[in-house]
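Residue numbers (this note's numbering), protein chains in the order written: chain A, 67 to 487; chain B, 67 to 487.
None of these hints come from the bench; they were simulated from the model. Heads up, none of these hints are tricks.
For the chain A half of the interface with chain B, some residues (derived, Cβ under 7 angstroms), not all of them:
1) L339
2) A342
3) A344
4) I345
5) E348
6) D351
7) A358
8) Q362
9) Q368
Remember, it's a predicted structure, so these values are computed and weren't measured experimentally. Even for Gly, the Cβ is constructed at its ideal location relative to N, Cα and C.
Number of protein chains: 2
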Amino acid sequence: MAFDPRQLLLNMFDAAVGAASPERCVPPHLPPRPAGRTIVVGAGKAAGAMAKAVEDHWPGPIEGLVVTRYGHGAPCRAIEVVEAGHPVPDAAGREAAERILSMVQGLTADDLVLCLISGGGSSLLALPAPGVSLTDKQAINKALLKSGATISEMNCVRKHLSAIKGGRLAAAAAPARVVALMISDVPGDDPCVIASGPTVADPTTAAEALAILRKYAIAAPDNVLAHLGSPQAETLKPGDPRLAGVANVMIATPQSSLEAAAAVARSAGATPLILANAIEGEARDVALVHAAIARQSYDFDQPLAPPCVLISGGETTVTVRGTGRGGRNAEFLLALAVALDGHPGIHALAADTDGIDGTEDNAGAVLAPDSIARAAAIGVGAKARLADNDGYGFFSAIGDLVVTGPTRTNVNDFRAILVRC
Amino acid sequence: MAFDPRQLLLNMFDAAVGAASPERCVPPHLPPRPAGRTIVVGAGKAAGAMAKAVEDHWPGPIEGLVVTRYGHGAPCRAIEVVEAGHPVPDAAGREAAERILSMVQGLTADDLVLCLISGGGSSLLALPAPGVSLTDKQAINKALLKSGATISEMNCVRKHLSAIKGGRLAAAAAPARVVALMISDVPGDDPCVIASGPTVADPTTAAEALAILRKYAIAAPDNVLAHLGSPQAETLKPGDPRLAGVANVMIATPQSSLEAAAAVARSAGATPLILANAIEGEARDVALVHAAIARQSYDFDQPLAPPCVLISGGETTVTVRGTGRGGRNAEFLLALAVALDGHPGIHALAADTDGIDGTEDNAGAVLAPDSIARAAAIGVGAKARLADNDGYGFFSAIGDLVVTGPTRTNVNDFRAILVRC
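Full structure from sequences and hints, please.
So, in structure tokens, the structure goes:
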């Protein structure tokens, strides 16, 4: 087992991103060329790269429009790539959604709509239902976030205030055949959750959406209440004939990326252990649990004997109290550094597979047993930086940021902890 | 594998507590009877039960005094058991510490001091150094807790303000032989940390203690500074001849209890996986990580295929924001319940091995897939109770508290999550 720890972790992250790269995972899932037209639409952080992968491998004429996040575009020839606001929707995304919706209307059963869906698509494809304004949607969204409503309750309300979600995009395309290729960034990989399921039936109802607003005492304006009381608020239900020609295909998931990284560790001679692909929670507390498991491996050969790599995915959160810089992966890794306190034999990497940790220019960072000492030697205190939420500043100071630029895909966060004796 | 999930989890908890029970783990480690006197002293949540175990198995005359927490006493014949304040030291503990210190003085090399040390001993054996008042110590302790000082920094200061810690109890007993039997409740099982090491050499110095007070700008009164500048502030250093006759023996640890519980799971046909014996962090976030790992087992047979039991130890914390009741184990389990949201096939137990979760009358609680639904049916909302830090109220309402009373030992928290297909 002669491997460089840092390089192994970087190779594992590359493999995780690579497994979700549209260039690799779109072509095998492309359907046969239809007799009629092929329209490509889509939204998400990977939409640009997915559109390019389609163009590069499609055996006939093609046209369409996809919307992605600012900075995540890709150079397409036939498919228009629009960049728009994320996570806060903006007018660019709204106009793109309107054009996408009209583009798939009036098709025949000979035509094909390829729908390219990935994480971030919900904000990028924000088109309020007729009679509801973007401002209305945003106000209700904010109130829901504060209310303590569950994610599924919030999604239920959102879908019933949208003109494109909850299967409506696919319904608009009927009788054309619809193939949706999806890259998941959500726990459980439920297709009706990714980008709020524009091509997927929604079992929830407008009446339930109204009940949720009442349950959390959310004051909605009269026009919103009127909309939710009208038949056109209803999403497409399972079994709806307008969805009969739709195939939703999951082409990449957090799990498949963790598995790809695990294979890299295994072939380097370090036993991989995937703990979970969808870990949530405050980044610094999630780090404490990872630190304890890494120490357990070092001290007791449990849950696995070294050399081993503990792998996890999912999205942590950061409660910002300080004034420092950094996304949730830098915060996780700095908290891990403080908890491990220079423990010998333990290296780690934490990074966002989309290449952007929060709002910084790094994907994440790497940690070595000597990181804290190297930082201290130049006057950078790990504990103080953690208290200031300054993970970016800490790892930047010791040259241990991982910088990739936007990867044009997104299967959520990637964490790997290498334990050696 | 025909087992009742709830009963299996309760059996595992019983095994974890049983493995650390003084009645079981003290007798095998008792030294031979000395030519001279045998004095028993000690402190900690297990001190009463440890004293009783010594009495029950000692082949000769015996005398002594141990101090334990209110409610944790045991009916001894020859050894006096004093109950005192924990976690806030009180006069009863201070007086007991004074008596213990004088009791071990004036012994000969033919005599034996059996020192019974367990978690909680640090508060129960709080004897300030001459010239330092209990009020001084408490004020500095509070300031340290707020300062962001590490545990080892706090212990360094505490030991140098004490008349009994940092090896001083053993030094007072010289030239008598000292055998310290220890039950660990701390990460890493370091004997100089448990009860602040009254029989263990301390590598830190009074000068370091002073530097820590300066580092965190803690204003100490003149008498405290004078003490820290004097030679008698120094703790016993490794290699000190006064510690030559001391044997420190770890007779129970969190790890040994987790292993005992794992054996119970294994013989019931559920594969155990010990994640870590010393997990720290905010209880509700630690629960989110455990929930994600349990789901991963259910969905992907990773890190282990069902039927399996994920086991962990260590002490979480609770940031109280609500007005409800409950210790950290109830909080953990309620957060786990909310995260799993009635997930089929997953049962769990979380409880404190000392039998007291926080300041309540329960050790912990158990969780079943139908817990949330049973609570909802009687108007008890899991999410609302979690927001109110009311884990006790939630599990009490559905009759799922685990109540043992004080177990008279302490190897920290015990958590087990059973996953079945």
